[in-house]
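Participant: Below, each chain spelled out in residue letters.
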Amino acid sequence: MLENSVGARAGSFGDYEQLGEDVLIERCKAGDTAAFDEIVRRFEKRVFNYALRVTGNYNDACDVAQEAFIRAFHSIQTFRGDAKFATWIYRIVTNVYLDERKKLKSHPTTSLDDTIELDENSVTRQIEDSTPSPDEIVQTKERMRILQRAINALPDYQRIIITLYHVEHRSYEEIAEILKLPIGTVKSRLNRARLAIAEMLESEPELFG
Amino acid sequence: MNCKAARNLFSAYLDNSIDSSRKVDLEKHLADCEQCDRAYSRFRYAISMLERLPDVNPPAGFRASVMARVEVERRKVPARVRWWSIDWQKVFTIRVPARALAVGLAVLIAFVISLQVLPPLRTGIAGLFLAQKPSEAPISTLDQESARAPMPWTPENRNGQGLILTLDVVQSGVYCLKLHTKSLKPVAFDIDISGTKYSGFVVADKPSAIKVPAPRSGSVRVVHVAWSIGEWGRYQTVFLPSKLRSRAVVKTFSIEKATVADVLRRICREYGVAIIAWGNLGKPVAYAQVYQATPDDALYECLNRVGFKAYGVAASIYAVEPVR
Numbered sequence: 001m002l003e004n005s006v007g008a009r010a011g012s013f014g015d016y017e018q019l020g021e022d023v024l025i026e027r028c029k030a031g032d033t034a035a036f037d038e039i040v041r042r043f044e045k046r047v048f049n050y051a052l053r054v055t056g057n058y059n060d061a062c063d064v065a066q067e068a069f070i071r072a073f074h075s076i077q078t079f080r081g082d083a084k085f086a087t088w089i090y091r092i093v094t095n096v097y098l099d100e101r102k103k104l105k106s107h108p109t110t111s112l113d114d115t116i117e118l119d120e121n122s123v124t125r126q127i128e129d130s131t132p133s134p135d136e137i138v139q140t141k142e143r144m145r146i147l148q149r150a151i152n153a154l155p156d157y158q159r160i161i162i163t164l165y166h167v168e169h170r171s172y173e174e175i176a177e178i179l180k181l182p183i184g185t186v187k188s189r190l191n192r193a194r195l196a197i198a199e200m201l202e203s204e205p206e207l208f209g
Numbered sequence: 210m211n212c213k214a215a216r217n218l219f220s221a222y223l224d225n226s227i228d229s230s231r232k233v234d235l236e237k238h239l240a241d242c243e244q245c246d247r248a249y250s251r252f253r254y255a256i257s258m259l260e261r262l263p264d265v266n267p268p269a270g271f272r273a274s275v276m277a278r279v280e281v282e283r284r285k286v287p288a289r290v291r292w293w294s295i296d297w298q299k300v301f302t303i304r305v306p307a308r309a310l311a312v313g314l315a316v317l318i319a320f321v322i323s324l325q326v327l328p329p330l331r332t333g334i335a336g337l338f339l340a341q342k343p344s345e346a347p348i349s350t351l352d353q354e355s356a357r358a359p360m361p362w363t364p365e366n367r368n369g370q371g372l373i374l375t376l377d378v379v380q381s382g383v384y385c386l387k388l389h390t391k392s393l394k395p396v397a398f399d400i401d402i403s404g405t406k407y408s409g410f411v412v413a414d415k416p417s418a419i420k421v422p423a424p425r426s427g428s429v430r431v432v433h434v435a436w437s438i439g440e441w442g443r444y445q446t447v448f449l450p451s452k453l454r455s456r457a458v459v460k461t462f463s464i465e466k467a468t469v470a471d472v473l474r475r476i477c478r479e480y481g482v483a484i485i486a487w488g489n490l491g492k493p494v495a496y497a498q499v500y501q502a503t504p505d506d507a508l509y510e511c512l513n514r515v516g517f518k519a520y521g522v523a524a525s526i527y528a529v530e531p532v533r
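From first to last, the protein sequence lines stand for chains G and H. Counting along the first sequence from 1, when you hit position 114 you're at 114 in our numbering, and nothing is skipped either side. One gets our numbering by counting positions in the second sequence from 1 and adding 209 to each.
Hints in this document: simulated from the structure, not taken from any laboratory. Honestly, I wouldn't trust all of these hints.
Unchecked claim - Below are the DSS-like pairs computed for lysine-lysine, each with C-alpha atoms no more than 27 Å apart in a straight line:
1. H:Lys466 / G:Lys45
2. H:Lys466 / H:Lys391
3. H:Lys237 / G:Lys187
4. H:Lys232 / H:Lys391
5. H:Lys420 / H:Lys466
6. H:Lys232 / G:Lys187
7. H:Lys518 / G:Lys187
8. H:Lys232 / H:Lys213
9. H:Lys213 / G:Lys29
10. G:Lys103 / H:Lys452
11. H:Lys460 / H:Lys391
12. G:Lys141 / G:Lys29
13. G:Lys103 / G:Lys45
14. H:Lys391 / H:Lys406
15. H:Lys452 / H:Lys420
16. G:Lys180 / G:Lys102
17. H:Lys460 / H:Lys420
18. G:Lys180 / G:Lys84
19. H:Lys518 / H:Lys452
20. H:Lys237 / H:Lys213
21. H:Lys460 / G:Lys141
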């Protein structure tokens with residue numbers, strides 16, 4: 001017999017912000033979704049930014065980042081703790097992105113002009129002078145837009161490596177672990193990606209003189 | 210050293226991970242070859258630009274939408290176990306201590322008895338109590354002009370097999386959210402009203418209802434409803450204004466750098482309409498201009514370009530969902 005039983009589940013689950021990563025992961029494995037919520041809180045910005053730079057598009061980044069967290073939730077039991085959680089989650093985001101690319105390859109939807117719109121604050125933070133003129137803000141914004149367009153034009157693996165190294169500040173060893181590639185391959189692909197970016201920016205002398 | 214070999218060493222040189230003999234060769238090459246020297250300057254500049262790429266915040270409500278999906282996923286029934294794939298030898302050799310078995314049985318019996326004895330739908334939260342069966346609840350006494358009978362609504366109807374939501378106004382300042390289904394299998398739900406969570410089941414002929422107090426004047430109450438049946442589930446959000454407005458009004462306003470959720474909240478407040486929505490409400494809405502528009506037009510203006518559609522299900526009540 002099934003009655004409409006409703007029990008209030010609200011209430012404190014303890015102070016998760018104070019817990020270490022390994023404790024949170026153990027709790028996630030035991031089915032504690034509040035622990036997973038805390039994991040999402042800690043990693044959402046990193047995961048979203050990584051997704052944003054590799055997809056080059058705000059909407060796609062939302063979808064990829066969300067899907068990555070759902071995959072992480074499903075496979076948390078397989079996380080053995082040999083690697084750092086960050087390394088593991090970057091690998092999941094990468095796989096989600098590559099899977100989506102495979103699906104969309106026949107119907108590409110990202111145009112080169114569909115680049116990231118940066119809010120003004122995030123740009124002004126990057127400017128060393130504390131009082132940038134409106135022209136400087138516009139110019140910096142334009143530079144970042146062109147830089148993102150150059151990143152978008154790179155082949156998938158180069159784009160992923162350049163994002164992991166320069167945006168996410170991962171070491172060669174971590175990138176090799178995330179992508180399951182030899183360190184030598186990571187280094188040579190990073191060099192090729194950097195050379196390609198430099199070459200692309202050369203065609204914008206008024207901004208990158 | 211030729212130019213190609215020199216350029217292959219740019220990264221190692223910049224990162225200072227080059228061995229000393231090759232470093233000497235490269236520096237000699239850069240001193241002799243103006244082209245490579247310029248290329249290296251460009252290379253170094255490009256790297257410095259990459260390091261200055263700003264961090265961007267995820268959209269508001271991103272984490273909430275992830276957790277809503279997690280909640281739906283969590284409720285999915287695990288894959289069916291085939292009897293021939295079970296390791297029967299293991300099953301029969303599991304050792305359960307007698308005391309644990311006795312305690313387990315006692316808990317099970319107590320649970321079954323409690324289902325028989327306890328009144329259904331208790332929450333114990335003052336002000337937020339579960340109503341009697343929907344048929345006993347008075348409907349729309351607040352505003353006679355909006356008293357067109359509310360229509361039940363569920364995303365992707367599937368003959369009403371999912372959770373069907375109906376919204377009524379019970380009395381001034383109190384909404385009644387009715388939950389029912391045509392499914393013979395139980396539909397599990399979780400409801401979050403301003404941080405207080407409720408969970409339960411509905412099944413055909415056994416509906417539930419929750420009374421939700423209207424928010425204070427000028428604000429919006431957001432109710433999150435997650436539900437699942439088997440593999441299928443949805444996360445719905447209900448936006449409730451302080452008072453449903455009976456007469457259509459026209460408004461002019463603009464929205465910038467918002468999400469679908471922000472847009473719905475704004476339209477709910479501006480027009481005094483209730484909105485039941487599902488889909489990725491964290492999706493960004495870069496810009497929308499609403500000019501002397503009715504709620505129908507405002508919803509179209511703001512949502513059409515981001516892949517959502519809206520339609521009225523009753524006077525002052527709208528359903529919003531992704532375009533399929």
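Participant: Hint by hint, say whether it matches the structure.
Facilitator: Here is what the structure says about each hint:
no.	hint	result
1	H:Lys466 / G:Lys45	holds, 18 Å
2	H:Lys466 / H:Lys391	violated, 40 Å
3	H:Lys237 / G:Lys187	holds, 23 Å
4	H:Lys232 / H:Lys391	violated, 76 Å
5	H:Lys420 / H:Lys466	violated, 34 Å
6	H:Lys232 / G:Lys187	holds, 17 Å
7	H:Lys518 / G:Lys187	violated, 48 Å
8	H:Lys232 / H:Lys213	holds, 15 Å
9	H:Lys213 / G:Lys29	violated, 51 Å
10	G:Lys103 / H:Lys452	violated, 46 Å
11	H:Lys460 / H:Lys391	violated, 39 Å
12	G:Lys141 / G:Lys29	violated, 43 Å
13	G:Lys103 / G:Lys45	holds, 26 Å
14	H:Lys391 / H:Lys406	holds, 24 Å
15	H:Lys452 / H:Lys420	holds, 15 Å
16	G:Lys180 / G:Lys102	holds, 19 Å
17	H:Lys460 / H:Lys420	violated, 30 Å
18	G:Lys180 / G:Lys84	holds, 15 Å
19	H:Lys518 / H:Lys452	holds, 24 Å
20	H:Lys237 / H:Lys213	holds, 14 Å
21	H:Lys460 / G:Lys141	violated, 34 Å
In terms of the numbered hints stated before, the structure departs from hints 2, 4, 5, 7, 9, 10, 11, 12, 17, 21, listed from lowest to highest.
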